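Could you put the whole structure together from the sequences, leaning on the hints where they help?
One line per chain: the protein sequences are S and U, in this order.
Everything in the first sequence is counted per this note's numbering, starting at 1 for the first residue and increasing by one.
Everything in the second sequence is counted per this note's numbering, starting at 1001 for the first residue and increasing by one.
To be clear, the hints were calculated from the coordinates, so they are not data collected in a lab.
Certain hints may be false.
Simulated pairs of lysine to any residue, SDA-like, Cα-Cα distance not exceeding 20 Å [said to hold, decoys possible]:
#1 S:LYS45 to U:ARG1108
#2 S:LYS2 to U:GLY1043
#3 S:LYS2 to U:LEU1046
Computed from a predicted model, the values in this text were never measured in an experiment.
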Amino acid sequence: RKEVEQDPGPFNVPEGATVAFNCTYSNSASQSFFWYRQDCRKEPKLLMSVYSSGNEDGRFTAQLNRASQYISLLIRDSKLSDSATYLCVVNGGRGSTLGRLYFGRGTQLTVWP
Amino acid sequence: SQTIHQWPATLVQPVGSPLSLECTVEGTSNPNLYWYRQAAGRGLQLLFYSVGIGQISSEVPQNLSASRPQDRQFILSSKKLLLSDSGFYLCAWSDRTPNGYTFGSGTRLTVV
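Encoded structure:
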């Protein structure tokens, strides 16, 4: 079983739409959670950390459900510039290599005009 | 502030040739360092990680090797490249927590 599972998409939405991505992780001891964004042929960049209480950064909202081992990312009022691949990232938790992060394969989003 | 440098950006190498990719980090001490590969249309595959000078752990057996000769320098090498070594190679660093990884801009390697 993979440490992090994501729906690969692709998601194709019009500008202004709301889109949600989901992710599940297998290690119940994981403590750190992130969403990364990767533009085509570029390196992944940190979009936002995910906190237990949920957190919001402008049009982006991230939520964590520890009981279900589930992470989500909601993008409101989608812009053309949101087109990218979104990677769900989880740390290894206690007993794993210090600092080790596990990346999902990513969900591809295309926002069309 | 911390920065990570990775070079070259693009590389075309013949099968059987050697490889050396270098990554350096500035503005931090004793970082965790990582080498990832991303094949076309695929996810990130961790190749090597290092928690200190001379300490290298390999995730996937292959014809690649890594070295950390200095605290903030991480090198990925191969003696003989295979066609299957083509891909997007990314170096990353993190602190001990980690508060996420920061990636270098990557090297796109094509083995011909």
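Cross-check of the supplied hints:
1. S:LYS45 to U:ARG1108: 17 Å, holds
2. S:LYS2 to U:GLY1043: The hint holds at about 12 Å.
3. S:LYS2 to U:LEU1046: 14 Å, holds
In the structure shown, no violation is registered for any of the earlier numbered hints.
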